[in-house]
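Could you put the whole structure together from the sequences, leaning on the hints where they help?
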Amino acid sequence: MDFHNLLTLSLQQALGPTAVIYALAAIGLNVHFGYTGLLNFGQAGFMMVAGYGMVFVATEWGLSLWLGTLVGLVLTVILALLLGLPTLRLRADYLAIVTIAAAEIVRQTIGAAKFSDKFGGQDGLTGFIQPFRDANPFSGTKGIPGVVTWSAFDFWVMTVGWLLVALSCVVVWLLMRSPWGRVLKSIREDEDAVRSLGKNVTSYKMQALIIGGLFGALAGFMTALRSASIGPSFFATDVTFFAYTVLLIGGAARVLGPVVGSIIFWFLISALGIFFSQATSGTDPLIPASIMDSTQASLMRFIFLGLGLMLLMIFRPQGIFGDRRELAIDAR
Amino acid sequence: MHVRLLRVSLLILPMLFMLLLGTGLSGASASPSADDTAASDAPPVASDNAETGCQLTKPPDDETLSIYGLICDRRESPRVPVPDVTVLVKDASGNEIGRSVSGPDGSFVIDLPGEPISYLGKTYAVSVDKATLPEDTEPEKTDLKIAINTDTDQPVIFPVGAAGPGAEGKLIQAIQLTITGLVFSVLLAMASLGLSMIFGTTGLTNFAHGELITFGALVAFAVDNLDGEIRVGGANVTIIVGVLAAFLVSGLFGWVNDAGLWRPLRRRGSSLVAMMIVSIGLSIFLRNVYQYFAGAQARNYSQYAAIEPWEFGSLTVTSRDVVVFVVGMGVLILTTSLLRYTRLGKATRAVADNPALSSATGINVERVISIVWIGGAALAGMAGALLGVTQGFDYQIGFKLLLLVFAATVLGGLGTIWGAIVGAFVIGLFTELTTLFIPAEFKYVGALLVLIVVLLIRPQGLLGRAERVG
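Same order as they appear, the protein sequences are chains F and S.
For our numbering, add 63 to where a residue sits in the first sequence, where the first one is 1.
For our numbering, add 11 to where a residue sits in the second sequence, where the first one is 1.
I should point out that these hints are in silico values taken from the structure, not numbers from a laboratory.
All C-beta atoms, glycine included, are put in the ideal place defined by N, C-alpha and C.
Hints may be right or wrong, so weigh each one.
Calculated cross-link-like contacts (lysine to aspartate or glutamate; reagent style DMTMM-like; alpha-carbon spacing at most 20 Å) [unchecked claim]:
1. K181(F) to E452(S)
2. K248(F) to D386(F)
3. K101(S) to D122(S)
4. K177(F) to E452(S)
5. K101(S) to D186(F)
6. K177(F) to E107(S)
7. K181(F) to D102(S)
8. K177(F) to D102(S)
9. K181(S) to E452(S)
10. K101(S) to D180(F)
11. K411(S) to D301(F)
A partial selection of chain S residues facing chain F, derived with a Cβ cut-off under 7 Å [claimed, not checked]:
12. G292
13. I295
14. F417
15. P450
16. I463
17. L467
Rendered as structure tokens:
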């Protein structure tokens with residue numbers, strides 16, 4: 064068992080581009096679920112619409128990625144409006160089912176062979192990354208030699224990504240300490256009471272859905288930039304579930320909850336993955352092949368993830384930083 | 012103290028059970044040739060032609076995936092093979108990926124290049140090149156769409172007859188799709204009924220319901236993989252026993268789910284949203300445990316792997332579809348009658364309507380919920396096993412079906428019993444019949460869009476009671 068290797072690689076994941084993406088997605092969910100009490104299970108759909116919007120503008124029309132991000136953001140707002148109109152008046156579980164369905168509609172439509180000349184079908188789209196690559200000021204490998212290092216491109220993605228995360232956190236912090244944010248929190252606590260005070264609850268929920276979706280859009284952009292490609296398999300339903308886990312680890316309704324959650328989540332996932340892969344490889348593996356082979360070893364982290372999500376929700380639903388009193392989550 | 016012990020043991024029990032189940036399953040996956048030997052036990056596809064030269068032969072067992080088949084002229088009796096006909100395989104976007112020419116015995120084998128795993132879950136068009144057919148003949152079908160769900164070789168048959176009246180048109184196609192849709196609807200209704208009953212009595216939106224479906228398919232598969240065949244009076248009833256086992260063991264699994272996890276959570280007073288997220292964790296956990304033991308490859312049961320369809324004109328119906336439909340319908344009618352006429356059924360509906368009030372009238376609510384979990388899981392598990400019979404299964408068959416189950420229940424009205432069934436038939440028929448007009452890859456998209464549109468117009472669902480929901 065090579066523990067130095069395990070720690071190094073896990074740290075690389077925990078601070079790397081993947082953690083950035085999930086932190087951004089979870090910040091969006093924090094606005095939806097943590098502050099407003101909206102159960103959006105379609106965050107992957109928001110990410111996908113935005114990511115494809117940006118890439119499509121670059122590959123199909125050859126325009127700049129900047130314009131692409133603008134198109135992506137506009138498309139996200141449109142999706143939020145389309146989803147919000149039928150569901151925000153309904154009970155929380157209806158919103159959950161409709162958003163998860165909508166994300167799957169988006170994924171199957173964009174990934175369809177019928178539109179493969181536009182969206183590349185299951186293979187997705189590539190060949191848009193050069194402008195982003197050219198803007199990279201770094202070269203060689205970056206990081207702390209001997210402890211944790213990243214390639215120059217990854218480091219560039221991380222720099223942009225963590226800047227976005229920091230910016231998003233500031234925005235969320237400012238929003239939530241404003242009167243507007245207090246209305247959101249009171250909607251989460253008691254919708255009827257807010258309505259009786261003359262506030263337009265549906266309108267506030269819609270605004271929250273749009274703003275949270277926009278943070279999801281940032282996650283979608285980073286997904287495309289990180290892999291230098293985009294495909295339907297990047298936005299499976301599990302992405303949303305993982306983002307929820309990230310949010311709940313850190314603590315919902317806390318500004319820094321998603322960020323800490325994402326770092327811890329990816330450290331643990333990566334450490335578990337490396338541990339079991341090391342434990343089953345080599346000539347004399349720690350765990351005999353009759354119990355677990357290398358394919359099964361790669362599943363162990365997801366088994367622990369599922370178990371962890373259950374236990375977390377049962378025993379510490381407020382996560383690390385959350386306040387249980389503030390978050391008596393019951394949206395029914 | 013001993014209550015906690017009981018809870019812990021209830022959590023451990025299913026895991027032990029899954030380990031047991033897993034040894035059965037992994038025993039099966041250890042021998043990759045199991046599929047092939049199983050398939051050769053099945054009746055040959057064209058057994059009535061045994062004495063003629065026109066018989067389907069299996070291609071050699073090798074690592075590549077092949078599409079094999081036979082071209083026979085059915086005007087003659089016995090049938091005669093048609094040699095020198097070119098057959099093409101194309102993928103969904105129309106690119107040719109293989110071709111072959113039928114030999115003197117009318118058979119052809121097209122090896123698909125590359126790893127078999129890369130073909131799974133995709134649909135391919137197999138077509139006959141009309142120009143290479145003998146003159147004055149007309150194949151009854153020139154294009155066949157086959158979906159590759161297993162990594163075994165795929166048989167196809169092109170019967171050739173006299174130049175017929177041409178394309179039968181959309182009507183025949185619609186009837187054919189209706190039959191497929193009805194079979195699917197019945198299974199969807201069984202799965203949805205469980206979800207709806209559990210929602211109705213406990214308020215839980217169970218995202219792990221799909222895993223109950225998969226569980227049933229896996230239990231039936233474990234039974235199927237036991238050594239030998241189970242015979243009653245000379246007939247091979249392995250799969251019947253498998254489906255029954257799926258029903259019973261899934262019921263037990265449902266009880267374990269409730270007693271080990273959900274009942275303690277209800278006692279703690281966990282909120283519904285928290286429980287919904289717990290069910291997501293359970294879904295991820297179970298799905299990966301299934302894959303751990305059963306592997307990722309798609310599977311089929313040994314019986315019913317290849318059967319000859321009954322043909323009515325140009326309609327084809329398999330005995331398998333009929334049996335699955337009849338069994339499913341029977342179970343549905345039985346369940347709804349139980350809910351309608353028995354004391355327990357009335358108690359269930361009372362709890363679904365108002366738990367506090369029914370508790371006050373002396374109904375043991377926890378007992379009713381326990382029974383609903385057993386019944387709901389048993390129905391879902393049986394649906395999974397029967398779905399495995401009709402189209403094969405893999406470790407995430409239930410997860411893939413979950414959104415359609417949700418769509419069916421919400422469409423009919425969450426928590427209503429008749430609503431779930433009506434919703435399932437609407438969704439099941441809709442998914443199949445829309446393939447008349449739109450490409451098959453959009454059929455689920457269409458069904459989910461229907462869900463959203465219905466919610467816009469009638470938020471309480473088709474049969475739900477109108478109430479103010481926000």
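Now for the hints, and whether the structure bears them out:
no., hint, in the structure
1, K181(F) to E452(S), "holds (16 Å)"
2, K248(F) to D386(F), "holds (13 Å)"
3, K101(S) to D122(S), "holds (12 Å)"
4, K177(F) to E452(S), "holds (8 Å)"
5, K101(S) to D186(F), "holds (18 Å)"
6, K177(F) to E107(S), "holds (17 Å)"
7, K181(F) to D102(S), "holds (18 Å)"
8, K177(F) to D102(S), "holds (12 Å)"
9, K181(S) to E452(S), "holds (19 Å)"
10, K101(S) to D180(F), "holds (17 Å)"
11, K411(S) to D301(F), "holds (12 Å)"
12, G292, "holds (3 Å)"
13, I295, "holds (3 Å)"
14, F417, "holds (5 Å)"
15, P450, "holds (5 Å)"
16, I463, "holds (6 Å)"
17, L467, "holds (4 Å)"
Every hint, counting from the list given before, is met by this structure.
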